[in-house]
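Undergrad: One-letter residues, chain by chain:
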Amino acid sequence: MIAFWILGVILIASAMWTITAKKPVYSVVGLLAHFVALAAMYLTLSGEFLAVMQIIVYSGAILVLFLFVIALLSSGVAPFATGIDRLPKIAAPAIVVALAGLGFAIYAVGRSSVAATSGALTAAAAGPVGTAGVFGSVDDFGKALFTTYLLPFEITALILMVAVIGVVTLAGDSTPYAATEKQARAVRKSMREAIVRGGER
Amino acid sequence: MRKNLYNVGAILKGLSITFAFMFKKKPTIEYPSVKKQHAPRFHGLHELRRYADGKERCIGCELCSSACPANAITVIGAENTPEDRTSPGERHAARYEIDELRCIFCGMCEEACPTDAIVLTPRFEMADYRRGSFIYAKDRLLVPPGAGLGPAPDERPNGIPSDLGRVAEVKSTMDIAQGYSATNRGETLKTQRKGLAP
Amino acid sequence: MQGAIDTLNAAPLWLVVLIKSAVLLLVVVTTFAYAMLFERKVMGWMQLRPGPNRVGPWGLMQPAADAAKLILKEDLTPKTADRLIYRLAPFISLLTAFSVYAIIPFGASASGPWAIGNVNAGILFLLAITSLGVYGISLGGWASGSKYPLLGSVRSTAQMISYELSMSLSFVGVLIIAGTTSLDGIVNAQLHWWFFITQCVGFVIYVITAVAETNRAPFDLVEAETELVAGFHTEYSGLRFGLFFIAEYVNMLTVSCIATLLFLGGWNAPFGMTVVPGIVWFLIKVATFMFFYIWLRSTLPRMRYDRLMAFGWKVLLPVATLNVIATAIYVAFKG
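Residue numbers (the working numbering), protein chains in the order written: chain A, 1 to 201; chain B, 1001 to 1198; chain C, 2001 to 2335.
Please keep in mind that the hints were generated in silico from the structure rather than gathered at the bench. Treat each hint with caution, since some may be false.
As the list claims (entries may be wrong) - Here are the simulated lysine-lysine pairs, DSS-like style, with alpha carbons at most 27 angstroms apart:
id : chain 1 : residue 1 : chain 2 : residue 2
1  : C       : K2314     : B       : K1013
2  : C       : K2147     : C       : K2073
3  : A       : K22       : C       : K2314
Excised from the complex, chain A in its bound form (with noise of 0.2 angstroms):
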């Protein structure tokens, strides 16, 4: 219960960092101290599998790109807005809205017995944290993933690599495209040849 409470303050101090920081290098900062933090919380509630792979997924490939693309692109460029100009329109409303459905949350938990939450918690955090059979292990959700879940699993997978495809569409290499070697060759000659006028130009 402790560490619930030194990893919320830490969730929420970190969320607010990422969204108030003034560089975007020290969001990504900000965001990879949520990320970790969070992967402890799910280690608390005995997801094994889901922190680590919070870890891996989350900030060992796709935050890394975030900083990648950051301290490429705005290592030059002025720091955020900050301040209230920084706050868009719709703030006041979604403030309101947020503090609304909280003190519902906190209302409907109050009203709820906390000792029941607490104890269906424990139970599943019996024996030794990973074990098969044990909720939350690499098993269990192996398991659960290439049978119960297969189908979502598979269209999620797909729907990725559709989404890889269409990147490399659009983004595209804008080199021309060659099937043989021949034909690569000739390609790059004209590209240098183009470099070439262009620096006699």
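Mind docking chains B and C on chain A? Use the hints.
TA: Leaving out everything else, chains B and C in the frame of chain A:
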């Protein structure tokens, strides 16, 4: 594909070469503890020599100074008086200074000297902290009176024989711990003259 | 021995973990220091030099001298640097490098308490932590506020992402055969056949990607001296540079440990030579792998960047994928 496989072979070959090199004898001379024996005619720090009776050879003629391509030598001569004869001739060097930072260790001073007073020794360790320390005056160049005499420059291989100052007994003018042994040098010279050494 | 284990089992968990962590930290730092000396010695021998031998007998005190030097050096921060992240980056590097050791088992859990924590998803945890190591490098390079570090950090990001894929895939083959993600289980699965024989393709891929992941020659594009001065740590000096330095070597050590656990049979003795305790075998294997690393560095020239990328994506990744598929088919048909 075949080409790529050849590349793998090349990598393995490279690895085997470096592995074999691990066990080869290392040519390193571990300098401060082990010192390399220089060639007998190595050009190092200068030395001003004396005759067997302890008189200075230098007669203050300044020929070394004018021969010096780097203008490193300053000589100020003075007359010998009957009461105080520093050198056998009429004159001696009142001041004799070599700026070792300017010196290019070519040995022209040695060639020019009519009395074989200035000689280049194989000593080369003269690092210091201040530029001023590299101006060597008589106090550091002159061989101490009791230290004996090094071989004359023309006693070296291919040197022109000279009847000047026959050296009866060859003694070290240098601290042996400093790495240069005049005795050894004399031995080398002797064997070389007899045609025993390559 | 048994008495000691019983005492350890009786002690409260937090105390045991604390003591183990402290001991391990000490051991890893010492190993780093001597790994560095070992590297300089071996590199020297391979280049017909004796290597460092001035400080202490055979240069054994050299690491201490190096440490004193790094600590006493001035810690510079460039004017254009982003101070906060510039200072944070070495610690991220070091933290990720060390935290891996929390779950690496150095011996069979049955014969003694050789690991701090035994996580069931051990291998995934390893991947997760090592994948965070890139942040230290890329943030440090970015925060230095100068050209070469930025180029170095951008390179490192691209390189590590590219090679991490193939590395994970080389793990998958092992996981399929072993049928478990726990490091303990993987080593126990190698009782008869070590996986570098049954998973030879995976092993080769792992060795290559491991060198690339730790930014070591011939894949040290991140700190390519001839092109980028010193890459991401060009602006770092003193102790902060030292932290990056430690992180690099500790990562080397980590990668060697993983290779030992996954492919070289961990603490299993070869040819039934069980007289020597498992921990010794483990250390011998790690040392052999480290030696291989150094050997590679003193043999191969640095790769060109575009070839590095092409090799990673067009050769390693397809081969690794095929290896996974082939292993899966084999296991499926064998039952």
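Undergrad: Now, for every hint given, state plainly whether the structure supports it.
TA: Here is what the structure says about each hint:
| no. | hint | in the structure |
| --- | --- | --- |
| 1 | C:K2314 / B:K1013 | 25 angstroms, holds |
| 2 | C:K2147 / C:K2073 | 23 angstroms, holds |
| 3 | A:K22 / C:K2314 | 39 angstroms, violated |
The structure shown violates just one earlier hint, number 3.
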